[in-house]
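Enquirer: Top line first, the protein sequences correspond to chains H and U.
Note that the UniProt record's numbering gives residue 44 to position 44 of the first sequence, counting from 1, and the numbers run on in steps of one.
Note that the UniProt record's numbering gives residue 369 to position 369 of the second sequence, counting from 1, and the numbers run on in steps of one.
For the record, the hints were derived by calculation from the structure and aren't laboratory data.
Treat the hints with caution; some may be incorrect.
Claimed, not checked - Restricting the straight-line Cα-Cα distance to at most 20 Å, the calculated cross-link-like pairs of lysine to aspartate or glutamate (EDC-like) are:
| id | chain 1 | residue 1 | chain 2 | residue 2 |
| --- | --- | --- | --- | --- |
| 1 | U | K104 | H | D71 |
| 2 | U | K245 | H | E156 |
| 3 | H | K100 | U | D130 |
| 4 | U | K294 | U | E450 |
| 5 | U | K318 | U | E450 |
| 6 | U | K329 | U | D317 |
| 7 | U | K466 | H | E156 |
| 8 | U | K257 | H | D71 |
| 9 | U | K318 | U | E296 |
As the list claims (entries may be wrong) - Partner residues are not named here, just some residues of chain H that face chain U (Cβ under 7 Å, in silico):
| id | residue |
| --- | --- |
| 10 | A66 |
| 11 | G74 |
| 12 | Y103 |
| 13 | A105 |
| 14 | T223 |
| 15 | A227 |
For each residue, glycine too, the CB sits at the ideal point set by N, CA and C.
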Amino acid sequence: MASKLLNRFPTLNNTAYHILSLPFLRSTVASPFLVHTRLYSEDVSSRVSNRSSLNQVELAKFSSIADTWWDAEGPFKPLHVMNPTRLAFIRSTLCRHFQKDPYCARPFEGLKIVDVGCGGGILSEPLARMGATVTGVDAVEKNIKIARLHSESGPETANIEYCCTTAEKLVEEQREFDAVISLEVIEHVADPAEFCKSLAALTVSNGATVVSTINRSMRSYATAIIAAEYILHWLPKGTHQWSNFLTPQELVLILQRASITVQEMAGFVYNPLTGQWTLSDDISVNFIAFGTKNSQ
Amino acid sequence: MNNRGKGSLKYLLQQRQIVARFVKGDQSTSQKKAKGRAVAAKIAAEVCGLKVPRRTFCNNIAAREHEENLGLPNNFVHYDIAIVGGGMVGMALACSLASMPLTKQLNVAIIDSNPALEGKTCIKKEDPPDPRVSTVTPATISLFKDVGAWQYVQQHRHAYFDKMQVWDYTGLGYTRYNARDVDKEVLGCVVENKVLHSSLLSCIQNTDLKKRIYPSRLNSMTLHQNHLPTMMDSTSSSFHASLAKLELSDGNSLYAKLVVGADGAKSHVRELAGFKTTGWNYSQNAVICTVEHKTENQCAWQRFLPSGPIALLPVGDKFSNIVWTMNPKESSACREMNENDFVKALNHALNYGYGPHPQSNLLGNNGDIFSWFRRDLTVSANECFEVPPDVVKLVSGRMVFPLSLRHANNYASKRVVLIGDAAHTVHPLAGQGVNLGFGDAFALSRIISEGIAVGTDIGEVHLLKKFEVERKRENIMMMAILDGFQKAYSVDFGPLNVLRAAAFHGAQYISPLKRSIISYASGEQRLPLFS
Numbered sequence: 001m002a003s004k005l006l007n008r009f010p011t012l013n014n015t016a017y018h019i020l021s022l023p024f025l026r027s028t029v030a031s032p033f034l035v036h037t038r039l040y041s042e043d044v045s046s047r048v049s050n051r052s053s054l055n056q057v058e059l060a061k062f063s064s065i066a067d068t069w070w071d072a073e074g075p076f077k078p079l080h081v082m083n084p085t086r087l088a089f090i091r092s093t094l095c096r097h098f099q100k101d102p103y104c105a106r107p108f109e110g111l112k113i114v115d116v117g118c119g120g121g122i123l124s125e126p127l128a129r130m131g132a133t134v135t136g137v138d139a140v141e142k143n144i145k146i147a148r149l150h151s152e153s154g155p156e157t158a159n160i161e162y163c164c165t166t167a168e169k170l171v172e173e174q175r176e177f178d179a180v181i182s183l184e185v186i187e188h189v190a191d192p193a194e195f196c197k198s199l200a201a202l203t204v205s206n207g208a209t210v211v212s213t214i215n216r217s218m219r220s221y222a223t224a225i226i227a228a229e230y231i232l233h234w235l236p237k238g239t240h241q242w243s244n245f246l247t248p249q250e251l252v253l254i255l256q257r258a259s260i261t262v263q264e265m266a267g268f269v270y271n272p273l274t275g276q277w278t279l280s281d282d283i284s285v286n287f288i289a290f291g292t293k294n295s296q
Numbered sequence: 001m002n003n004r005g006k007g008s009l010k011y012l013l014q015q016r017q018i019v020a021r022f023v024k025g026d027q028s029t030s031q032k033k034a035k036g037r038a039v040a041a042k043i044a045a046e047v048c049g050l051k052v053p054r055r056t057f058c059n060n061i062a063a064r065e066h067e068e069n070l071g072l073p074n075n076f077v078h079y080d081i082a083i084v085g086g087g088m089v090g091m092a093l094a095c096s097l098a099s100m101p102l103t104k105q106l107n108v109a110i111i112d113s114n115p116a117l118e119g120k121t122c123i124k125k126e127d128p129p130d131p132r133v134s135t136v137t138p139a140t141i142s143l144f145k146d147v148g149a150w151q152y153v154q155q156h157r158h159a160y161f162d163k164m165q166v167w168d169y170t171g172l173g174y175t176r177y178n179a180r181d182v183d184k185e186v187l188g189c190v191v192e193n194k195v196l197h198s199s200l201l202s203c204i205q206n207t208d209l210k211k212r213i214y215p216s217r218l219n220s221m222t223l224h225q226n227h228l229p230t231m232m233d234s235t236s237s238s239f240h241a242s243l244a245k246l247e248l249s250d251g252n253s254l255y256a257k258l259v260v261g262a263d264g265a266k267s268h269v270r271e272l273a274g275f276k277t278t279g280w281n282y283s284q285n286a287v288i289c290t291v292e293h294k295t296e297n298q299c300a301w302q303r304f305l306p307s308g309p310i311a312l313l314p315v316g317d318k319f320s321n322i323v324w325t326m327n328p329k330e331s332s333a334c335r336e337m338n339e340n341d342f343v344k345a346l347n348h349a350l351n352y353g354y355g356p357h358p359q360s361n362l363l364g365n366n367g368d369i370f371s372w373f374r375r376d377l378t379v380s381a382n383e384c385f386e387v388p389p390d391v392v393k394l395v396s397g398r399m400v401f402p403l404s405l406r407h408a409n410n411y412a413s414k415r416v417v418l419i420g421d422a423a424h425t426v427h428p429l430a431g432q433g434v435n436l437g438f439g440d441a442f443a444l445s446r447i448i449s450e451g452i453a454v455g456t457d458i459g460e461v462h463l464l465k466k467f468e469v470e471r472k473r474e475n476i477m478m479m480a481i482l483d484g485f486q487k488a489y490s491v492d493f494g495p496l497n498v499l500r501a502a503a504f505h506g507a508q509y510i511s512p513l514k515r516s517i518i519s520y521a522s523g524e525q526r527l528p529l530f531s
């Protein structure tokens, strides 16, 4: 069981090959099994020494719809609708952890936060309005351009620092932040374990790390892939690969390996009648985890 | 130098002098000098007919805020919320924002040319009550208490009432409501509009809310539609590209993240923002006035007459307020007739005119039919029909207002939202109009607070649509019910009269129904019947 779990994390080479070998639109039900057979047949020497967690195909997907980031009715609408709920969790956990007054309008005053995979900045801007000093990082150049343009529309968001770079490069620059937030990114990277190690390296000792992703369960397949992509057309087809989702247990494990202890976890639940997302204990589809970096 | 330039120079200097007197707080001399230099530069530029030079992006946030708070008539005055219309509902919104921890640091501009907003009008206790009154429901009273405005209302004349009687001219049935039916002390409170307004104003003067009252009217409004501003040289002017720009009649212009239209039934904001409305005019006018009785009146009376209801509401100190709905010809006649004739007409309408008094059917007689409700009797089911107190004297002028139903199809779009009468007007027959408006104001401030908690831009459409969805449901429900009543009672048709009588009897004797009606009308219950 443990070995299966370890082998579950694909390398760059492996995943790229696996994704490119399947047509973009084909269902990925059979993929877990394909991954396993490839893993067993590969030999150790073919593991790529490039420690980047980038996945070029994923980048291309996002680059093509970059202009629609701030269109509240466009392809990113689900993210816009979910945003306040994610921010509520972040506000609550970070205020508790850093002992900030939750009734203050700008509780994150004085905190340095990095938003890894910031996209068009839909998370970075509210964080900046809450008083934080925000750095937004994304591997897609177009996203950074859009984010920079949009953030200039208000005085509180004009100070956000946007960089087109990766978490690993930031680690090389030896940047450190009080809180590292990476939402809905880890399911698009090639090597989640390496990615988590980078996130941990960016966090100061006793700082906060927040990661959100989609669970790998039957329910999430039905909801996030079939319902969201094929039936409701909330997301373009092929946005997510079910095999790349992480279960909460796996996420906790790889974060622990990166010396981050997960303290709190919550799920997002969508109510189709009201069209609202709420935080709940149900982590079977979307979930978010808050962890702290072990003090060295 | 052209004449226009000279005129604007003098105007700018005057404005600077006036505003400088209002500036509070310590200014260091260097800041004053910097400000003075900036103003002089601006004046020079305007006078020479040049375009106002764009400011270079200033990292010194303190200096920028300082200049904003001075309210100089330049193009960079920047507010979080601009409330257009400083009436009861607009001020209630401002009070509510001031009372919540997350919103009290917002910068608010209130635009209203009403001189009452300068806070200089004093309400004398000896004055007879103004005919413009509103009935506030218990839900509204508790909201006022939450923001700390009710204590100011209590310092002036206000009248709680705990009983209400409704009947119609056919004399076939009546309903009495009592606050004890739902274990409450009061059914509502009748307060003059000017008292409500000045209480809200006093409340807000005592808070730290950063506000500026602009005593002028809104001329035009530009809501910038693009969500991606084009690259401009100066970052500061691109800040304003995405905000709403308001131009006022006295020449000021200001930018705001959110424009709130609280400017009443003929809302200019609603027109400028392009919101369409649905509705119709009732072919009825309301005649309102204040009258005096021999004894104190503590019950609210409403009698439905063939051409519309007449309501008698206690306002305190033996005075009552009359709201008499009738068709336009009769309303002009009422306004023209002399006082004695009018008083006689009032007594006729309230008491012996148009039809007989309803029979008081005490439960003893109808025991068999309603016996299974007897376990759960309401206090008022046992009360007899009472005749309303005689009107002795007319103590104020008579005002006439046309009545209509109007509802904006949408309450919100990017950077603009409507509350109060700007969004909906209703028939006064149940005293709900301003209560819906107060409900809107308090709901909007709560939603703004929730938005700020998660760092949302308060002018963002998703946030405002949350407010719209919440309030539309309730407002439409109430409007539909009131419109239904208005239509049901404006027809004199035998079988319909009997149906109405049956409705009166039903409401009087079926306790769960009565409790439901009281709770809904008091604002405690969100939906009628389904609690």
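Enquirer: Now tell me if each hint is right for this structure.
Expert: Hint-by-hint comparison with the structure:
no., hint, result
1, K104/U - D71/H, "30 Å, violated"
2, K245/U - E156/H, "19 Å, holds"
3, K100/H - D130/U, "50 Å, violated"
4, K294/U - E450/U, "51 Å, violated"
5, K318/U - E450/U, "45 Å, violated"
6, K329/U - D317/U, "33 Å, violated"
7, K466/U - E156/H, "24 Å, violated"
8, K257/U - D71/H, "18 Å, holds"
9, K318/U - E296/U, "4 Å, holds"
10, A66, "12 Å, violated"
11, G74, "11 Å, violated"
12, Y103, "4 Å, holds"
13, A105, "5 Å, holds"
14, T223, "22 Å, violated"
15, A227, "21 Å, violated"
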